[in-house]
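Just so you know, the protein sequences line up as chains A and B, in that order.
Numbering that gives the first Met the number 0 numbers the first residue of the first sequence as 0 and each following residue consecutively.
Numbering that gives the first Met the number 0 numbers the first residue of the second sequence as 0 and each following residue consecutively.
Everything labelled a hint here was simulated from the structure, so no lab data went into it.
Hints are not guaranteed to be accurate.
[Said to hold, decoys possible] Here are the simulated SDA-like pairs of lysine to any residue, each with C-alpha atoms no more than 25 Å apart in a straight line:
1. B:K132 - A:E68
2. A:K35 - B:E185
3. B:K132 - A:L52
4. A:K35 - B:R54
5. B:K233 - A:E79
6. B:K132 - A:H51
7. B:K132 - A:K35
8. A:K35 - B:P214
9. B:K132 - A:D78
10. A:K35 - A:L23
11. B:K132 - A:G33
12. A:K35 - B:E162
13. A:K35 - B:E216
14. A:K35 - B:E201
15. B:K132 - B:A66
16. B:K132 - B:E162
17. B:K132 - A:D72
18. A:K35 - B:G21
19. A:K35 - B:G204
20. B:K233 - A:L71
21. B:K132 - A:D56
22. A:K35 - B:G205
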Amino acid sequence: MIRAPRTFHTGIDVKPMSSETDLLLRRILTDVLGLKQGQAEGFTADTGLFGHLPELDSMAVAGLLTEMEDRLDIVIEDDEIDGELLESFGSLLAFAEAKRAEP
Amino acid sequence: MTPVTWPCPVVRSRVGGGGTGGGFAEEMALTFDRGRTPRLLIVPALFEEASKLRRLTVEVMRRLDGAGIDSFLPDLPGCNESLQPLDAQTPESWRAAMAAAAAHFRATHVLGLRGGALMLPDGLPGWRYAPAKAASLLRQMLRARIVASREAGVSETQDALLEAARRDGVELAGYRIGPEFIIQFELLLPSSSDNLRDIEQEALGGGGLWLRAEPDEDRAQADALAAILAVGIKE
Numbered sequence: 000m001i002r003a004p005r006t007f008h009t010g011i012d013v014k015p016m017s018s019e020t021d022l023l024l025r026r027i028l029t030d031v032l033g034l035k036q037g038q039a040e041g042f043t044a045d046t047g048l049f050g051h052l053p054e055l056d057s058m059a060v061a062g063l064l065t066e067m068e069d070r071l072d073i074v075i076e077d078d079e080i081d082g083e084l085l086e087s088f089g090s091l092l093a094f095a096e097a098k099r100a101e102p
Numbered sequence: 000m001t002p003v004t005w006p007c008p009v010v011r012s013r014v015g016g017g018g019t020g021g022g023f024a025e026e027m028a029l030t031f032d033r034g035r036t037p038r039l040l041i042v043p044a045l046f047e048e049a050s051k052l053r054r055l056t057v058e059v060m061r062r063l064d065g066a067g068i069d070s071f072l073p074d075l076p077g078c079n080e081s082l083q084p085l086d087a088q089t090p091e092s093w094r095a096a097m098a099a100a101a102a103h104f105r106a107t108h109v110l111g112l113r114g115g116a117l118m119l120p121d122g123l124p125g126w127r128y129a130p131a132k133a134a135s136l137l138r139q140m141l142r143a144r145i146v147a148s149r150e151a152g153v154s155e156t157q158d159a160l161l162e163a164a165r166r167d168g169v170e171l172a173g174y175r176i177g178p179e180f181i182i183q184f185e186l187l188l189p190s191s192s193d194n195l196r197d198i199e200q201e202a203l204g205g206g207g208l209w210l211r212a213e214p215d216e217d218r219a220q221a222d223a224l225a226a227i228l229a230v231g232i233k234e
């Protein structure tokens, strides 16, 4: 399962909804999941992703991670990829924010 | 829309690096052919992305037909209706196949979709729609495999997978890919030509359909892409 950076805790409140990473991540999920405009705004930290949405298979997850790298300007290592990372919108967002905060 | 067959050069064998020279085999193509002068050869997107973009591709062909432009969508050998083994194919054999298709259908223009832009025949004017880098496509397919293996409790890395793939080939996202394909594909760069123009996704509006977890369609995107092509062809 995906190992998050050490400073990261699941289940705890995510950053304010207005952060840039939050916005970009919702846009990426909109493209990958084919959501209607505005639909991703309803996502909360607890909204389930991998394992909750049958269409989010390994190929779609790989596409999602690659888009995150491109649009968030981060690099995701193989050993960081596991199911917990993609468990919920909150865990994915926390991972993305921690990654972007890396020097 | 008419499905037809066309003669495609066959790769000789996997042993000794493949290459063409093994005669010809029939491959399928979808065509809108009314004997008109603008004749567009469309090189499909690669692997999984071809399925994701199939509907968009054919919808664009219908619109071009309405605009007086013939179009041709050949199968890449080893894909779709092809009887050739996928794991015998290489980027070189796919390029040779698309060059043969361009000649057979007397194409006047070409369009490469995503990774298809890596397989365009030389010499014809045309477009690359959201061209993908070979290294990025490969990385994404390796990553899909790593995600799937991780779910099954197996830990794999891109480096180790690639090393084995160069030796023995590899199965990625259900596609059995030969070692020679991997070796050539890693280093493949898009065909660069003054004759080719890029169409970025932003020009179509909305997110790229190849990104979707499930294949989908988008009429507005098909309208936009067909309009760009029709205007460009008639310039």
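Verification of the hints:
1. Taking the CA atoms of B:K132 and A:E68, the gap is about 15 Å. The hint holds against a cut of 25 Å.
2. With a C-alpha separation of about 36 Å, the suggested pair A:K35 and B:E185 falls outside the 25 Å cut-off, and the hint is violated.
3. Of the supplied pair hints, the one linking B:K132 and A:L52 is violated, its CA atoms being roughly 29 Å apart against a limit of 25 Å.
4. With a CA separation close to 19 Å, the supplied pair A:K35 and B:R54 stays within the 25 Å bound.
5. A threshold of 25 Å between alpha carbons decides the hint, and for B:K233 with A:E79 the separation of about 50 Å lies outside it, so the pair is violated.
6. Proximity of B:K132 to A:H51 is assessed by CA-CA distance (about 31 Å); at most 25 Å being required, the pair is judged violated.
7. Between B:K132 and A:K35 the alpha-carbon distance is near 29 Å, which puts this suggested pair outside the 25 Å criterion.
8. Using a Cα cut-off of 25 Å, the hinted pair A:K35 and B:P214 holds, with the two alpha carbons roughly 15 Å apart.
9. In summary, the hint linking B:K132 to A:D78 is supported, as the alpha carbons are separated by about 24 Å, within the 25 Å threshold.
10. Of the pairs offered as hints, the one joining A:K35 and A:L23 holds, with about 15 Å between alpha carbons and a cut-off of 25 Å not exceeded.
11. A threshold of 25 Å between alpha carbons decides the hint, and for B:K132 with A:G33 the separation of about 23 Å falls inside it, so the pair holds.
12. Note on A:K35 and B:E162: the hinted pairing is violated, with a Cα-Cα distance of about 41 Å set against a maximum of 25 Å.
13. The hinted pair formed by A:K35 and B:E216 meets the criterion: a straight-line CA distance of about 13 Å does not exceed 25 Å.
14. The hinted pair formed by A:K35 and B:E201 meets the criterion: a straight-line CA distance of about 17 Å does not exceed 25 Å.
15. Between B:K132 and B:A66, the direct Cα distance comes to roughly 31 Å. Violation of the 25 Å bound is thereby established for this hinted pair.
16. Between the alpha carbons of B:K132 and B:E162 the distance comes to roughly 20 Å, so the proposed pair stays at or under 25 Å and holds.
17. Distance check on the hinted pair: B:K132 and A:D72 sit about 17 Å apart at the alpha-carbon level, within 25 Å; holds.
18. For a cut-off of 25 Å, the pair hint linking A:K35 to B:G21 is broken: about 50 Å separates their Cα positions.
19. Simply put, A:K35 and B:G204 have alpha-carbon atoms about 14 Å apart, close enough for the 25 Å limit, and the pair holds.
20. Between B:K233 and A:L71, the direct Cα distance comes to roughly 39 Å. Violation of the 25 Å bound is thereby established for this hinted pair.
21. Between B:K132 and A:D56 the CA atoms are separated by roughly 23 Å; this keeps the pair inside 25 Å, and the hint holds.
22. For the proposed pair A:K35 and B:G205, the alpha carbon gap of about 11 Å is at most 25 Å, so the pair holds.
The structure shown violates the earlier hints numbered 2, 3, 5, 6, 7, 12, 15, 18, 20.
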